[in-house]
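There are 2 protein chains.
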Amino acid sequence: MSDWKDICSAKKKAQLASIPPEWIIQMPPKSQTNVMNVPQDCGLLTARELQITETTDVETLLKKLHSSEWSSVEVTTAFYKRSIIAQQLTNCLTEIFVERALQRARDLDEILKKTGKIVGPLHGLPISLKDQFTMKGLETVMGYAAWVGKYAELDCVIVEILYECGAVPFVRTNVPQTLMWGETHNHVFGRTTNPYNRKLTPGGSSGGEGALLAIKGSPLGVGTDVGGSLRIPSAFCGLYTLRPSYERLPYFGAVNALEGQESISSVIGPMTNSMSGVKIFTKAIIDAKPWTKDPLVLRKEWSEEAYRLSEHGGGKSLCFGMLWDNGVVRPHPPLQRAMEITKAALEAAGHKVIDWEPHRHLEIYKNAETIFVADGGHDYRAQCELSGEPVIQTMAPEEEAHESELSEPFVKYLVGEPEHRSAYGLWQLHKEKRELRKSHLDHWNRTVERTGTGRPIDAIISPAVAYTAVPHGLNTDSFYTTLCNALDLTTSVFPVTFVDTKIDKPQPPHAFHNHEDEAIFKLYSTDLFSGCPVGLQLIGGSQEEEAVIAMTEIIDNALRVYKA
Amino acid sequence: MSDWKDICSAKKKAQLASIPPEWIIQMPPKSQTNVMNVPQDCGLLTARELQITETTDVETLLKKLHSSEWSSVEVTTAFYKRSIIAQQLTNCLTEIFVERALQRARDLDEILKKTGKIVGPLHGLPISLKDQFTMKGLETVMGYAAWVGKYAELDCVIVEILYECGAVPFVRTNVPQTLMWGETHNHVFGRTTNPYNRKLTPGGSSGGEGALLAIKGSPLGVGTDVGGSLRIPSAFCGLYTLRPSYERLPYFGAVNALEGQESISSVIGPMTNSMSGVKIFTKAIIDAKPWTKDPLVLRKEWSEEAYRLSEHGGGKSLCFGMLWDNGVVRPHPPLQRAMEITKAALEAAGHKVIDWEPHRHLEIYKNAETIFVADGGHDYRAQCELSGEPVIQTMAPEEEAHESELSEPFVKYLVGEPEHRSAYGLWQLHKEKRELRKSHLDHWNRTVERTGTGRPIDAIISPAVAYTAVPHGLNTDSFYTTLCNALDLTTSVFPVTFVDTKIDKPQPPHAFHNHEDEAIFKLYSTDLFSGCPVGLQLIGGSQEEEAVIAMTEIIDNALRVYKA
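Sequences listed follow chains A and B, in order.
Using UniProt numbering, you'd call the opening residue of the first sequence number 1 and step up by one each time.
Using UniProt numbering, you'd call the opening residue of the second sequence number 1 and step up by one each time.
Since the hints were derived computationally from the structure, they do not count as laboratory data.
Please read all numbers here as calculations on a predicted model, not as lab measurements.
Some hints here could point you the wrong way.
No more than 27 Å apart at the CA atoms, straight line, and that leaves these computed lysine-lysine pairs for DSS-like [what the hints assert, rightly or not]:
(1) Lys150(B) with Lys5(B)
(2) Lys502(A) with Lys199(A)
(3) Lys150(B) with Lys431(A)
(4) Lys352(A) with Lys289(B)
(5) Lys150(A) with Lys13(A)
(6) Lys316(B) with Lys289(A)
(7) Lys199(B) with Lys522(B)
(8) Lys563(A) with Lys352(A)
(9) Lys5(B) with Lys289(A)
(10) Lys431(B) with Lys289(A)
(11) Lys431(B) with Lys366(A)
(12) Lys30(A) with Lys5(A)
(13) Lys438(A) with Lys150(B)
(14) Lys12(A) with Lys199(A)
(15) Lys431(A) with Lys289(B)
(16) Lys150(A) with Lys431(B)
(17) Lys136(B) with Lys289(B)
(18) Lys283(B) with Lys136(B)
(19) Lys136(B) with Lys438(A)
(20) Lys136(A) with Lys431(B)
Between the sequences and the hints, there should be enough to build the whole structure, so can you do that?
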């Protein structure tokens with residue numbers, strides 16, 4: 001019975017058993033790739049539950065919760081039911097604990113009723129959590145067969161703070177084995193699909209969150225990002241996110257891949273359907289003084305001054321640098337159109353957009369990717385060996401995989417076989433990283449000559465990925481995202497538009513940057529991507545959470561006005 | 001001629017030649033161990049130059065400079081002459097560049113005269129720099145024969161900012177080979193001695209600064225600290241210092257030992273004879289927004305609110321934890337008396353002092369020391385091999401070394417032979433480190449039950465070293481300092497008193513913690529330490545520069561009132 005396959009199927013069976021039978025829906029045919037309308041159509045949700053779950057603005061949700069217009073029990077029930085629909089459609093969940101979450105919601109309703117006071121800024125709000133955030137008494141599997149049955153003795157610090165803030169953690173969400181993929185599949189829980197098109201990946205590694213939030217099965221989720229894991233699924237699923245700087249938000253007590261790797265720290269951040277969700281979550285966590293609980297977190301209060309863009313001319317007339325093409329992979333036509341829309345919208349709103357010249361992009365990427373495999377893969381091999389499960393070599397499905405032009409991802413060509421470095425070898429990579437960070441900062445500062453604002457550019461706008469969601473197994477680009485991890489740049493993702501095959505026509509071939517660029521160019525075929533969300537990144541400086549949120553709000557508003 | 005000994009003696013000869021011959025003094029006899037009075041007695045300094053250099057309060061110095069009461073040229077000349085006296089007495093300098101510094105001072109005087117405006121907050125102030133801070137066009141030897149002739153092409157960021165602030169970098173100061181010693185000796189420049197007693201070490205690795213500042217050959221110096229290198233010489237030489245948190249002040253461009261080691265980052269900080277010097281320097285550098293030049297520096301403005309102790313009850317009634325004995329080495333009697341004086345002074349000023357229970361002190365120390373040698377010594381061996389100079393095995397002088405009871409420092413017993421770790425092995429040390437930091441933070445927070453203030457203790461007061469300056473070769477204790485590097489706790493050092501053999505009598509033996517504790521106990525013999533300065537550490541939280549400065553000012557004032 002200790003065969004890893006048995007462990008996985010037993011866990012999967014237990015997961016199924018944790019779903020209230022009355023929440024099992026009639027499944028749409030497998031051939032129905034877009035399942036975004038199922039929650040409205042399947043009949044499980046009442047009209048009021050549909051109204052609640054369609055309230056994507058977190059500020060509005062919280063107002064209704066805090067005024068007792070909606071109780072936490074009904075909000076939690078509504079999102080729970082919808083998350084279970086999402087689970088049946090996209091396989092996005094890991095831990096399901098309905099009664100525990102509802103009891104928490106009942107307790108909060110009771111307190112509000114009795115005292116007239118909310119417990120904290122997130123009072124009553126259901127929050128989904130990537131399968132890294134340990135909760136006392138629950139398993140934390142994180143995609144490894146060997147971790148099944150590993151019950152947490154403590155809440156991790158972010159969960160502890162979420163409870164203090166009045167939140168209702170209510171589901172945990174799927175991840176890829178090793179966490180180091182931009183897709184979401186593992187042997188325990190299987191593959192998560194994209195509700196816009198189930199033949200496509202929702203991205204990863206916070207891909208369970210991506211699929212769940214896209215279908216509005218949660219108002220706000222918490223994910224992590226070491227190379228793009230918040231931003232790739234946010235871009236592929238039409239969401240907002242923030243990749244904060246290293247150690248701004250508390251990671252302590254959460255499990256992780258490559259634990260102890262501190263050269264390029266993984267960070268936690270929100271994923272949600274509104275900028276208000278991004279701001280409210282980030283401010284709530286920082287206002288809870290996480291440095292009093294997690295010794296690695298920076299003692300840096302939320303700054304309303306920074307949020308008012310005091311270092312960016314008060315936000316009146318910003319200048320952005322547009323990264324049209326990073327010189328590694330040229331963005332697909334929908335991404336190019338998204339950048340053009342954003343530029344036009346910002347200009348219409350009185351801001352300026354100049355070209356951003358990529359600076360040593362490949363060198364920075366290579367340094368980061370070399371650091372990520374500096375243990376020669378020892379960490380993930382060791383976790384797999386514990387149960388005997390094989391290390392997954394490709395995210396492509398065994399059946400019906402989309403054929404790819406790409407024989408070997410460019411990163412493998414660039415970095416070569418993972419080499420287990422010595423500590424001294426790792427220090428040399430750090431020296432190189434420091435020099436690259438300085439060089440990039442100086443390059444950024446030199447834009448002061450071109451902005452006309454008296455400041456360097458206020459932020460970079462860039463694709464998060466060169467394409468929209470791709471078929472399972474084909475997401476190889478983390479070139480646009482990893483830059484920000486390597487340089488520790490605060491970065492958001494915001495949705496701009498959807499792929500429109502009538503407008504986003506294939507372009508003639510360009511002089512390809514490399515073999516992956518060529519394969520990705522060839523992948524663009526409008527019938528694959530139709531209707532997929534298109535998102536972009538906003539890249540600010542290190543520890544600029546407040547300013548990046550404010551600038552993303554400015555862009556978001558400009559886009560709304562422009563499109564209206 | 002490329003024999004390392006020839007390189008060293010040629011460099012030493014060039015150094016001597018860079019001293020204006022008229023500044024060569026009549027040396028006191030070698031038997032005169034205390035040379036603190038030589039600057040007053042030797043006749044090189046005019047009465048006005050004596051007055052200038054005896055002005056140990058940096059705020060006063062700056063007022064006189066900024067009001068043009070004293071010109072930068074005369075202040076720089078006065079300190080330069082006195083630094084050259086210090087050099088002849090204690091061998092504390094490396095690079096000497098009189099004309100360059102005086103030209104800078106002339107330029108500043110000119111600007112002030114012409115415009116009526118100061119260039120920046122440090123206008124006109126001579127500042128000494130540890131031999132890591134590269135200056136364009138000057139060599140940076142850092143104690144390695146192989147680095148002789150290595151001329152810097154750029155100023156490091158801290159020097160760049162010091163220039164922007166109007167400072168006059170005027171000498172560079174000696175360090176030990178490898179920087180990883182708490183004393184100061186290398187093959188190029190030789191040994192630096194303590195002006196209070198030349199048979200004793202000034203400490204290290206910022207020991208050149210220590211000796212220079214003790215004898216008032218500089219009003220303010222900049223050193224670095226990865227395990228105690230600012231604090232050990234400050235304690236041994238009667239100075240004030242601040243060990244800031246990782247990445248609060250800019251290190252970029254400075255050379256270093258173990259470059260690329262980022263597990264426990266080395267930090268830069270001021271050393272000086274006044275708390276005003278510590279505050280003015282720290283605030284000036286942070287106000288210059290160093291994160292716009294050094295990508296690793298935290299974007300964290302100087303906070304007047306934190307300086308007013310907003311998180312410490314406004315500083316009205318603080319509660320300190322006193323670390324009487326860390327359980328590794330018991331402090332010598334003068335240190336115990338210093339702690340008793342400080343406790344009494346604080347209580348007299350309306351504050352509270354409770355006992356601090358050390359928490360996993362040795363585990364934390366061992367983790368840090370293991371990280372420091374995670375390259376198996378590869379880094380320093382490689383630097384020595386470049387020239388063929390041997391790696392220094394002991395700081396004891398070849399002649400007239402003080403006999404020691406200690407056959408092997410406890411750290412060697414604890415850590416064993418340096419083992420070159422793998423990257424994965426280093427990550428495991430990081431995991432251990434994180435757990436230790438969390439455990440120590442929780443321990444700190446639990447003091448809320450004992451303080452009576454509603455807060456955990458505001459800071460810890462502790463020895464910096466278990467003893468005052470010791471004979472060359474005998475400084476083995478970094479147990480009290482390394483704790484703060486490992487946990488990234490903001491820490492100051494402040495002087496309390498001097499060893500008084502009439503009061504500081506040897507104690508009866510205690511139950512020794514270990515063999516080093518026993519040897520250190522036996523070392524205490526009042527004739528060795530008579531008249532030596534006794535300093536203590538104030539240990540605050542991470543990124544608490546403002547609060548630690550404010551609390552040290554409170555202690556400093558309380559001591560002044562108490563002693564009066």
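Here is what the structure says about each hint:
At roughly 17 Å between alpha-carbon atoms, Lys150(B) and Lys5(B) fall within 27 Å of each other, so this suggested pair holds. Using a Cα cut-off of 27 Å, the hinted pair Lys502(A) and Lys199(A) holds, with the two alpha carbons roughly 21 Å apart. Taking the CA atoms of Lys150(B) and Lys431(A), the gap is near 19 Å; set against the 27 Å cutoff, the hint holds. Note on Lys352(A) and Lys289(B): the hinted pairing holds, with a Cα-Cα distance of about 25 Å set against a maximum of 27 Å.
Between Lys150(A) and Lys13(A) the alpha-carbon distance is near 17 Å, which keeps this suggested pair within the 27 Å criterion. Annotation: proposed proximity of Lys316(B) to Lys289(A) holds, straight-line Cα distance about 22 Å (limit 27 Å). Between Lys199(B) and Lys522(B) the CA atoms are separated by roughly 18 Å; this keeps the pair inside 27 Å, and the hint holds. Pair hint Lys563(A) plus Lys352(A) holds up; C-alpha atoms about 18 Å apart against a cutoff of 27 Å.
Between Lys5(B) and Lys289(A) the CA atoms are separated by roughly 56 Å; this puts the pair beyond 27 Å, and the hint is violated. A threshold of 27 Å between alpha carbons decides the hint, and for Lys431(B) with Lys289(A) the separation of about 23 Å falls inside it, so the pair holds. A C-alpha spacing of about 25 Å is found between Lys431(B) and Lys366(A), which places the hinted pair at or below 27 Å, so the restraint holds. For the given pair, Lys30(A) sits about 25 Å from Lys5(A) by alpha-carbon distance, which is consistent with the 27 Å threshold.
Using a Cα cut-off of 27 Å, the hinted pair Lys438(A) and Lys150(B) holds, with the two alpha carbons roughly 22 Å apart. For the hint linking Lys12(A) to Lys199(A), the alpha-carbon distance of about 22 Å falls within 27 Å, and the restraint holds. Of the pairs offered as hints, the one joining Lys431(A) and Lys289(B) holds, with about 23 Å between alpha carbons and a cut-off of 27 Å not exceeded. Restraint check for Lys150(A) and Lys431(B): satisfied, since their Cα atoms lie roughly 19 Å apart, inside the 27 Å limit.
Taking the CA atoms of Lys136(B) and Lys289(B), the gap is about 22 Å. The hint holds against a cut of 27 Å. In summary, the hint linking Lys283(B) to Lys136(B) is supported, as the alpha carbons are separated by about 25 Å, within the 27 Å threshold. Using a Cα cut-off of 27 Å, the hinted pair Lys136(B) and Lys438(A) holds, with the two alpha carbons roughly 18 Å apart. Our distance criterion of 27 Å between C-alpha atoms is met by Lys136(A) and Lys431(B), whose separation comes to about 20 Å.
Comparing the model with each numbered hint stated earlier shows that hint 9 is the single one that does not hold.
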